[in-house]
Structure formats: C-alpha cells, structure tokens
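Chemist: Take a look at the letters that make up each chain.
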Amino acid sequence: MIHTVSQGIITGILMGAIYALIALGLSIVFGIMNVTNFAHGDFVMLSMYLSYAVGSALAWDAVATPLITAPLLFIFGFITYYLLIDRTLRQMYVVQLAVTVGLQILLRSLALIVWQAQPRALQYSIIQGNIQIAGFEILTSRLISAIISLIFIAGLAYFLNKTWAGRAMRAASDDLDAASLMGVNYHKTYALTFAIGSSITALAGGLLMSFQQTDPVGGVRFGLLSWAVLALAGLGSLPGLIVAGIIVGVVESLTVSFFDPRSRLLGVYAIFILVLWLRPRGLFGRR
Amino acid sequence: MLEIKNLNSGYAKVSVLRNVTFHVNQDETVAIIGPNGAGKSTLLKTISGLVRAQSGDITFENNNILGLSPDLVVRRGLAYVPEGGRIFPNMTVLDNLLMGAYSNPGILKSGILEEIFTLFPILKNRSEKFARTLSGGERQMLAIGRGLVSRPKLIMLDEPSLGVAPKLIDEIYEKIHALKRFGLTVLLVEQNTGYALELADRGYVIENGQIVMEGAATDLSTSEHIKKFYLGL
Chain S
1 MIHTVSQGII TGILMGAIYA LIALGLSIVF GIMNVTNFAH GDFVMLSMYL SYAVGSALAW
61 DAVATPLITA PLLFIFGFIT YYLLIDRTLR QMYVVQLAVT VGLQILLRSL ALIVWQAQPR
121 ALQYSIIQGN IQIAGFEILT SRLISAIISL IFIAGLAYFL NKTWAGRAMR AASDDLDAAS
181 LMGVNYHKTY ALTFAIGSSI TALAGGLLMS FQQTDPVGGV RFGLLSWAVL ALAGLGSLPG
241 LIVAGIIVGV VESLTVSFFD PRSRLLGVYA IFILVLWLRP RGLFGRR
Chain L
1001 MLEIKNLNSG YAKVSVLRNV TFHVNQDETV AIIGPNGAGK STLLKTISGL VRAQSGDITF
1061 ENNNILGLSP DLVVRRGLAY VPEGGRIFPN MTVLDNLLMG AYSNPGILKS GILEEIFTLF
1121 PILKNRSEKF ARTLSGGERQ MLAIGRGLVS RPKLIMLDEP SLGVAPKLID EIYEKIHALK
1181 RFGLTVLLVE QNTGYALELA DRGYVIENGQ IVMEGAATDL STSEHIKKFY LGL
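Protein sequence lines correspond, in order, to chains S and L. For the first sequence, this note's numbering begins at 1 and goes up steadily by one. For the second sequence, this note's numbering begins at 1001 and goes up steadily by one.
No lab work stands behind these hints: they were computed from the structure. Computed from a predicted structure; not experimentally measured. Fair warning: there could be bad hints in the mix.
[What the hints assert, rightly or not] Below, in silico cross-link-like pairs of lysine to aspartate or glutamate (DMTMM-like), each with a Cα-Cα straight-line distance of 20 Å or less:
no., chain 1, residue 1, chain 2, residue 2
1, L, K1180, L, D1095
2, L, K1175, L, E1028
3, L, K1129, S, D175
4, L, K1180, L, E1207
5, L, K1005, L, D1095
6, L, K1175, L, E1207
7, L, K1153, L, D1170
8, S, K162, L, E1128
9, S, K162, L, D1095
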C-alpha cells in the first residue's frame, strides 16, 4: 500500500515537471499578453505529431525531435500571432475566444486529415528501460523528460529576468502603455512571447512522445491540465508553477492508481474547482 | 523645439482638445496649467503618441511626429512621465530604471544610472526592492528617474505632485529644478498652479480643451484671472 502510494507520487512528480512546462507556455501568453489561448493543448497535440513525423522519418529519439519541431513551432506561433491574435487584441474578449477556439478546431481537423484517427507512437528510444532506486521503478525516459523540463523553466526564468527582451515582456505585462513609452513595440514583444509559448509546446511534445502516444483529440487533456496548473499556481511565480505542476501530476497519478485510469482527470478537476473556490488567485499568485 | 499647431484630439467620438497651439523652446521650462478635465493629460498623451490626434501638427526638432506610435516618439528624444508615474510594480527599482534605457541600451555606458542615483539617492538604496513597495513620493521619483535614463532632449511631466505627500512636493520640485542643470527642456502639466508657475519660464492656461491665456510665468502668477481661479488669492 505505502509502496504503491510512493510509486504513484514519484511518477506524479516526474509527470508534474512536464505539466509545469506545458503550463508555462500558457502562462506567459496569458500573463504577458492577457490572451487566453484555448488552442494551447492542441499546440501540444500538433507538436506531438510533428515529433512523431520527425522521429520516424529520421529515426531520431523523441527527446531529440524538439531540435527541429521547436523552431517550426516558433515560426508557427509567430505567424499565428500576426495573422490572428494581433487583430483580436483591441476587440471584445469574445472575438479572441472565438478565434482561439476556432484555431483549436482547425488544428484538430488538420491532424485528423493528415494522421487519421489512429494513435501514433514512436518506436525507437535510446533511453528505454527503468532505473531502480530503493525498490522503486523509475522510467528513464520520464526522468530525463522531467529534468529537461526543469532546466528549460530555469532557463526561461533567466531569460525573463536578465535579457532586454525578457524585461520588455515583464514591463508589457505590468503596464502596456508605460512599456511603449519606454520604446517597447508591443506587437514585436507579443509576437516573441507567443512564439516562445508555442515553441515550449514543441519541447513538451517531444518529451511526451518519449513515453506516450498521441491522437487528434489528445489536446483537450493538455489544455485542461494546463489551466488547472495555472489556476493552482496563479500568475507571476515560476517556482509556484513547478509546485502546481507537481501537485497536478501527483493527484492525477494517485487517481489512476487508486480509483480508475479512465477518470484520471477527475482528481485534477476536483482540486481545480476547489482552488478557484477557495483561492481564486492561486496558491502562489500575486495578481 | 516642440511646436503644436491647431491640434484637435480626443477619444473615440469625444473631442477633448480644440485648436491647441503652443510651443516650447530649447532649454525652456514651460508649464501648462488648468482645472481638472481641461485636457492637460490628453495633450501630453497625444504628443507622446498614446492618443491619436484628429487633426493638426506636432513637430519636434522640425520633424513631424504626429501619428508616430509611442515607442517611436521616445526614440526621437521626447520622454513622457505619465500621470501617477505608471512605474512597473512587479519589477525591481533597478529593472524599472533599466527599462528607461530600452530604446537605447548603449546609453548605460555613459554613467546615466550613477547620475540618477546622485539626483535621487533613495532609488539607490531601494534598487533591489520591488517598485510596488515604494511610497507615493518614491514612485514619482522613480518615474522621473526612469524618464531620464534615455537622456531625452525634452521631458514631459504629467502632474508630478499627484499622489505625493504635501511635505514631499517641495522635494520633488527641487529635483525638477535640478533637471534644468541636465540641460533638459521641460514641459510640465500641473494642477498645482503655484508650484508650476514658480518653476516655469513660461506658461499656458488651458480651459475646456482650449488655450485661453499665455505668457511669462511671472506675468501669469500676477494676473487677476489666475489669482482668483487658480491660486485662490
């Protein structure tokens, strides 16, 4: 019993680090641009398919595929920003909602056309197998994915705090007019933010493909998980985002172990609603 | 240096400024005074590009800047310190100042931050603190400091006494006075008429979106209209 719980918690922590990474993409777009991207989960889905395509064409390990898919998603995010998002910024909120939900449906339909409804998974992995630590089994691919996620989050924190572009993003988040008075062109800053948010999903998609399969409707799960992590963390705290990702990962993993694998999101929704009810700003949020 | 001709501006269908014409010469300090809602802030926002003008001319150093977005206006050397300071609350004091150099990061090598810390020593002591923790007076100093980092040729100050404890207003105005030593041209908008006219070389009075009086600051402060309606004498 205790062993099962501990095993569930370990698996949950490793998944949680990736969830934190996925939520980071949503968080910077929402926190800096105040744009609610309902298609975020489907960006993850699209990324997973691209990882599948790159991985099977070049016989690469899934973990390496972001080297190609991340620049692709960066460009995709950049184009999506200028074609769609930029035009919704001065509109009513419902316009933005319609556009991002529409994008979600578009991506899902495209995935169905290109890859059909059957799930896809990558064959090869150099990092297969388990590590045994104190009687617990740890999937090597998950461990490596979790470590890469945490390193990337730390790297983005450095970027936001120490570079001119990162500082401009934080300034735009705090006060857009004041930022433009400092010389910030918000179209460029927002396009960069959205492109980074998109390329984060490419990294997450590659990591997920190292131990999961993908299907055209899988984006819903990642979208909802990201919102749960974000609601739990609140805006503006990256360590908070990691902790929230891990809580969500652990709750999901324990629900699977003790309740029913088909209702894996049930426990996540329960805390999501509980947090919205008790602490609408999240556990670590300042806004 | 800055010339405004027949400027009409406002929001959506509401016209705020009507045929405003005035100018600021190099090295001059000009005050624009007037009651709440007269259009003072709208005027500065229009010059800085935050509000789009409906018609008229705005030229800065003989270049037309009407219709430029704010990030391009500041690159011309025209800084705007908005009403209430509008500092970045969730950034440190130092990061706020660094944002002032965003349009020209190379300026930091000129020792501008040291100059600003000399002018506002309090900012140096607080440099690692989040700006949201500052008092009203400190926020205003940070906003002015941030506006100075890019070494603008002209700085526009919007109600620098607003939200500042009365005993600190004197201090803020001493600092603005010191800006003249920076070789700065200052355009000041202020409800606090006494302070503004004491500091300025020339002044304009704006009422209902129109310039109704202009002249040397000393003349304005002795005019019956100003005494009666603005200075309460």
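Chemist: None of the hints should be skipped; say for each whether it holds.
Modeler: Hints and how they fare:
no. : hint              : verdict
1   : K1180/L - D1095/L : violated, 25 Å
2   : K1175/L - E1028/L : holds, 16 Å
3   : K1129/L - D175/S  : holds, 18 Å
4   : K1180/L - E1207/L : violated, 28 Å
5   : K1005/L - D1095/L : violated, 37 Å
6   : K1175/L - E1207/L : violated, 28 Å
7   : K1153/L - D1170/L : violated, 24 Å
8   : K162/S - E1128/L  : holds, 14 Å
9   : K162/S - D1095/L  : holds, 9 Å
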